[in-house]
Amino acid sequence: MLGHAGILRGVARQVFLPVVLGLASFAAVLATFLFWSTAEADNVAAQRQQKVAGTIIAQSIEEVAHEQEVATLWDDAVLKTRARPLDMEWVDSNLGTWFHSYFNHDEAYILDDRDRAIYAMRGGHRAKPSTFERNVAEEAGPIVAELREAMAGATPAPLQPTSQSPGAVDLGVINGHPAIISAKPIISDTGRIQTVGRHHIHISIRYLDRDFLSRLSDGYRALEMNGRR
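Numbering (my numbering), first residue to last: 1 to 229.
It is worth saying that the hints were derived from the structure and are not from the lab.
All C-beta atoms in this analysis are idealised placements derived from N, C-alpha and C, irrespective of residue type, glycine included.
A hint or two may mislead.
Each pair of labels, with its calculated beta carbon distance range [claimed, not checked]:
| # | residue 1 | residue 2 | range |
| --- | --- | --- | --- |
| 1 | 190 | 102 | 31 to 37 Å |
| 2 | 116 | 214 | 35 to 41 Å |
| 3 | 138 | 221 | 32 to 38 Å |
| 4 | 43 | 196 | 55 to 61 Å |
| 5 | 134 | 87 | 41 to 47 Å |
Sequences and hints are given; from them, build the entire structure.
In structure tokens form, the structure reads like this:
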């Protein structure tokens, strides 16, 4: 019989996969906005650009979600985020500023079981939790609600090979930046800690700007070189 953590992990594919598959058309629009003017390109070049953009966006989304699991699928994270007062130095080092220094995530937030922000990180520095409501909640709120709904009605299902826990993700605009917004529950990795009530949620944001444009350009050049062989 599956434990509580096992049941929760079963919704990862149900929540995550449909979102990724639904990004194809948005990827084309985003790529055009960020990098190219397809009006000046022929149809074949435009299709190649869109293919590269879609692939790299999907890869970036998977990376953000997978990187979150390093710390969100962890007994210690469950205990530490539910402790009061919150050990801010520990959270910085494991769920906040560390995500910026190690994975280059631009922002990170932790929501409690009532979806109130209890921690915020922006640009590698701890910020006031109220930053979430002011700058992020409008875009991230529906993603968190989608994850909550899926977890509440979870039934066991196969996981994607790269996913170990539930997740919901979308593209949005945060502080003027096109961005990946990924939400993950903070859950037990051993199944020994049973959470009473709803789980805390970790939100990571990665801007689709300089680093993304560099990867997009490299991907397009690689595709062009392969096409010439």
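Determine whether the Cβ-Cβ distance between residue 43 and residue 196 falls within the hinted range of 55 to 61 Å. holds (57 Å)
Does the Cβ distance between residue 134 and residue 87 fall inside 41 to 47 Å? violated (25 Å)
| Per the hint of 32 to 38 Å, is the separation of the Cβ atoms of residue 138 and residue 221 within bounds? | holds (36 Å)
Hint says 35 to 41 Å; check whether the CB-CB distance for residue 116 and residue 214 agrees. Holds: the Cβ-Cβ distance is about 36 Å, inside 35 to 41 Å.
(message) For the hint 31 to 37 Å, verify it against the beta carbon of residue 190 and that of residue 102.
(response) violated (23 Å)
In this structure, the earlier hints numbered 1, 5 are contradicted, and the remaining ones agree with it.
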